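S.K.: Listed below, chain by chain, are the residues.
There are 2 protein chains.
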Amino acid sequence: MSFTIQNVLIPVEQSYSTVDVQIIDHHIRAIEPNLEVVGTAVNGENKLLLPGFVNAHTHSSEMWQRGIIPPTPLELWLAELYDFAPLEPEQVYLSALGTAVETLLSGGTSLVDHLVLIPGKELETIAAAVRAYQEIGIRAFIGPLIQDESLTQGIPNGGIEREHETYLRSTEATLELMQEVVERFHNPEAGVNILVAPTGIQLCSDALFEGCIELSDRYNLCRHSHLLETKAQQKLAQEKYGCSALEHLKRIGYLSDRTSLAHCVWLSDADIAILAEMRSTVVHNPLSNLRLGSGIAPILKYRQAGVNVAFGCDGAASNDSQDLLEAIKMGSILHNITDTDYHHWITPRQSVEIASLGGAQGLNMADELGSLSVGKKADLVLYNLKSLSLLPRTDPIGLLILGRPTNTVDSIWVNGKQVVAEGNVLTIDVDALRQELFERSQWSINRQSHTLSEIEAHYRSVMGLSPQTPKIHS
Amino acid sequence: MSFTIQNVLIPVEQSYSTVDVQIIDHHIRAIEPNLEVVGTAVNGENKLLLPGFVNAHTHSSEMWQRGIIPPTPLELWLAELYDFAPLEPEQVYLSALGTAVETLLSGGTSLVDHLVLIPGKELETIAAAVRAYQEIGIRAFIGPLIQDESLTQGIPNGGIEREHETYLRSTEATLELMQEVVERFHNPEAGVNILVAPTGIQLCSDALFEGCIELSDRYNLCRHSHLLETKAQQKLAQEKYGCSALEHLKRIGYLSDRTSLAHCVWLSDADIAILAEMRSTVVHNPLSNLRLGSGIAPILKYRQAGVNVAFGCDGAASNDSQDLLEAIKMGSILHNITDTDYHHWITPRQSVEIASLGGAQGLNMADELGSLSVGKKADLVLYNLKSLSLLPRTDPIGLLILGRPTNTVDSIWVNGKQVVAEGNVLTIDVDALRQELFERSQWSINRQSHTLSEIEAHYRSVMGLSPQTPKIHS
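These protein sequence lines map, in sequence, to chains A and U.
Letter 463 of the first sequence, counting from 1, is numbered 448 in this note's numbering, and no numbers are missing.
Letter 358 of the second sequence, counting from 1, is numbered 343 in this note's numbering, and no numbers are missing.
Honestly, the hints are just simulated from the structure, not real lab data.
The reader is advised that the hints may include incorrect statements.
Because identical chains cannot be distinguished in the list, a pair is counted as satisfied if it fits within a single copy or across any two copies.
[Unchecked claim] Each computed SDA-like pair below joins lysine to any residue, with the alpha-carbon atoms no more than 20 Å apart:
1. Lys361 - Pro(-4)
2. Lys220 - Ile322
3. Lys371 - Asn392
4. Lys286 - Gln138
5. Lys225 - Gly144
6. Lys361 - Pro173
7. Lys371 - Ser135
8. Lys216 - His328
9. Lys371 - Val359
10. Lys402 - Gln138
11. Lys371 - Arg419
12. Lys225 - Ser135
Please read these numbers as outputs of a predicted model, since none were measured by experiment.
Please construct the entire structure, taking both the sequences and the accompanying hints into account.
M.R.: As structure tokens, this is what we get:
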């Protein structure tokens, strides 16, 4: 498993350099011009080498519903998502493969799958995703998505008394399940990592968070959660805790330097100070935040406060793709409209650092991943600078981040193992995957979500929208 | 030139239908199931047919600088752009081809090239672009970018007296040039249309606008211009006219139902009413508006006021690509954060209509282009629904617009002539184009713009930014 990439362009301080890169025993062993060839020689001419990026938040099985949910805010979108969620572990396997393929071919070598569990088939769901990620060879961080409150509890009451169904699984049973998941599947050496990942304050009790903290401490697991994605959740936190969600999570001990929090759109300056103090990571999902109308996360403020930031695609039903370079571009340029001083804007090189090192840090792996550094694991992506979308030759990183790279990934190695060559995934049969996805689906747009019709009037009322006949346009 | 597309999916009222489409003599002649095959039979199975989109605002020669200009607002970005603009017509030819290839492969069959002219080689510049568009076979609308004031005049004075250089070409000479351009190149039947296109109120005198109106009326040309892209331009209009730019343009007679205006970010509600009254078109360029920190154009307000909207990529140095589907996606979902009522959000089918019919209307061609209608010109795009990025099968238009389509365009016809087949451009040698773009450029990031260094301190002062040492980060 040794190889040497020759004559490849890499970024160095404000410039580029042409070097050779030696990879031995899964790790980067040397980066210098004119190295001796160890193992296989790889021609790096007219190619750019970067550390692999991290798709730091997604839900793989949403792939089955991408493109179909009408433009609606999160709370209504979720109702429709859950009414039509896939129920077969084999579907989870296929969508995990699809998510991994798109992540890889847009520069990602790691992904965080906040995995929706099929009720009654929870372990099978996780086993299916693990199988997919092991087969394709992407570095996987799987956070089984757990909650102990039912969907309607995620919408503020707004002073209206409501009844809620009991959630289908008890807190205790959920924590027992998580322990079994960790014991069966957590295997960092093999590239499979389990995270504790309660879905968020909107649908989880303190007891569930506390059980997750205990598991995280006992097994040294990273922690993940959604946080304040929508204005509705900000309202809900006030109703539920009488303080901000950040203050509450800090009090119960969920925040830490290995906690990553998806979205963080509706934080106050005081909340940002808490994040900085606790050294937790914000995972920015710009596309889903726009698609669902959630808002613009104050990413420039996070960076100025010293909060670590990573990029995620979020699930494919709210994005509706898994192209990490698209999320990176939008997560970079979107913030230029939030601060008139362009000295604060994110530069393409900073975007690369957020996508790689920022992602690694959020997973407590900044010592091992996220940069082209001797001694780090070889999670590497080689981009073809003769691709039309990276021409003419200007600033390769500028064009990779700000352009629309298409068919630009030439080769990928994860943990030193080659997964992509000449733009093709080596480890699975992508044509067969396409065929499976085709056969197991059908074009159809006229589905009706019964949960949506149950909750829409209350949602409109509590969010101050006009009480017109609830009608989702299409 | 007759052909029949068989068994192809097309959108019909809130659903899809599988039909045959007959194209005879450049036009759509029938759309029905089970038609007789006229001319060549084209297999449309598992494919989606849509009208070609319009890339309603771009500057093709910016391709030479894509990816390289640091994150800066328009006024400073322009200084750098102009310091390094290409000076050879052959470069213009190549970047016009590149712009056309990327537009085609993302669903566009028409483009509006607001073409930067090489000083002293104005006619050669236009001839080069015309040659490129004729060769590749895209429907071209070329608006030679003209002005009669120099760059520094585009930044508000803010009460500070400044001297400006005289612009390199007089108003009169510019209008004479435009007349020659129209007489030589305007040829709608051949798919080449000349627009009058003064760059905008920030760099043009009333005399230039008035001369353009006269040409537009005499030769029946559409009118194009930038309008209120930045807050600085809004300030400038007040300094220059003592009223809004819209009021002024209405007064001098530039607004009409064949006037399209790029950007329109900083309009008041009163300005929007003027646009609606004059039936002018807004060309929305969401990516460059974000990249340059210009702001979010109030597109939902335009739609509610009945103003026609089209989508553009804008030039590749402020985007930094020419992927029209990316611009459509962002120009659709971006506005969800500007209105809490999701009933106002743009649906994927509405996005398709904006991109096709909206674009055609802005070019005064809604009777001939922009929809799948019997009698219209055959500017058609066939998407491969077995592409991984359009799987699994859900709502094809939802996924095309909200996803990240990659390698999805199968075939394109412009005016009934096939330009793309099986994803490959038939009319030019794209590999040779890549090679030319490669050879005529070099990786380089350490260029210094002297104009930028001259104007940055004034810009910061007049825009109320802290007077820190002017320093563009990289």
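S.K.: How would you label the pair Lys371, Ser135 (within, between, both, or neither) given a Cα cut-off of 20 Å?
M.R.: Cα proximity of Lys371 and Ser135: none, with 51 Å in one copy and 37 Å across.
S.K.: From the Cα coordinates, with 20 Å as the cut-off, is the pair Lys220 and Ile322 best called within, between, both, or neither?
M.R.: between (26 Å within a copy, 17 Å between copies)
S.K.: From the Cα coordinates, with 20 Å as the cut-off, is the pair Lys225 and Gly144 best called within, between, both, or neither?
M.R.: within (12 Å within a copy, 53 Å between copies)
S.K.: I want to check one pair: Lys286 and Gln138. Are their C-alpha atoms no more than 20 Å apart within a copy, between two copies, both, or neither?
M.R.: This pair counts as neither: shortest intra-copy Cα distance 31 Å, inter-copy 34 Å.
S.K.: Is it within, between, both, or neither for Lys361 and Pro(-4), if the alpha carbons may be no more than 20 Å apart?
M.R.: within (17 Å within a copy, 51 Å between copies)
S.K.: When no copy is specified for Lys402 and Gln138, does a C-alpha distance of 20 Å or less occur within a copy, between copies, both, or neither?
M.R.: Neither: 45 Å inside a chain and 57 Å across chains, both beyond 20 Å.
S.K.: First find the shortest C-alpha distance between Lys371 and Val359 inside one copy, then the shortest across copies, and answer within, between, both or neither for a cut-off of 20 Å.
M.R.: Answer is neither: 27 Å inside a copy and 42 Å across each miss the 20 Å cutoff.
S.K.: Are the CA atoms of Lys371 and Arg419 at most 20 Å apart within a copy, between copies, both, or neither?
M.R.: between (27 Å within a copy, 7 Å between copies)
S.K.: Within a copy, between copies, both or neither: which one fits Lys216 and His328 at a CA-CA cutoff of 20 Å?
M.R.: between (29 Å within a copy, 18 Å between copies)
S.K.: Reference check for the pair Lys371 and Asn392, CA-CA at most 20 Å: within, between, both, or neither?
M.R.: Classified as both: same-chain Cα gap 10 Å, cross-chain 17 Å, threshold 20 Å.
S.K.: Are the CA atoms of Lys225 and Ser135 at most 20 Å apart within a copy, between copies, both, or neither?
M.R.: within (15 Å within a copy, 60 Å between copies)
S.K.: Using 20 Å as the alpha-carbon threshold, which applies to Lys361 and Pro173: within, between, both, or neither?
M.R.: within (15 Å within a copy, 60 Å between copies)
The structure fails hints 4, 7, 9 and 10 (numbered hints given earlier, in ascending order).
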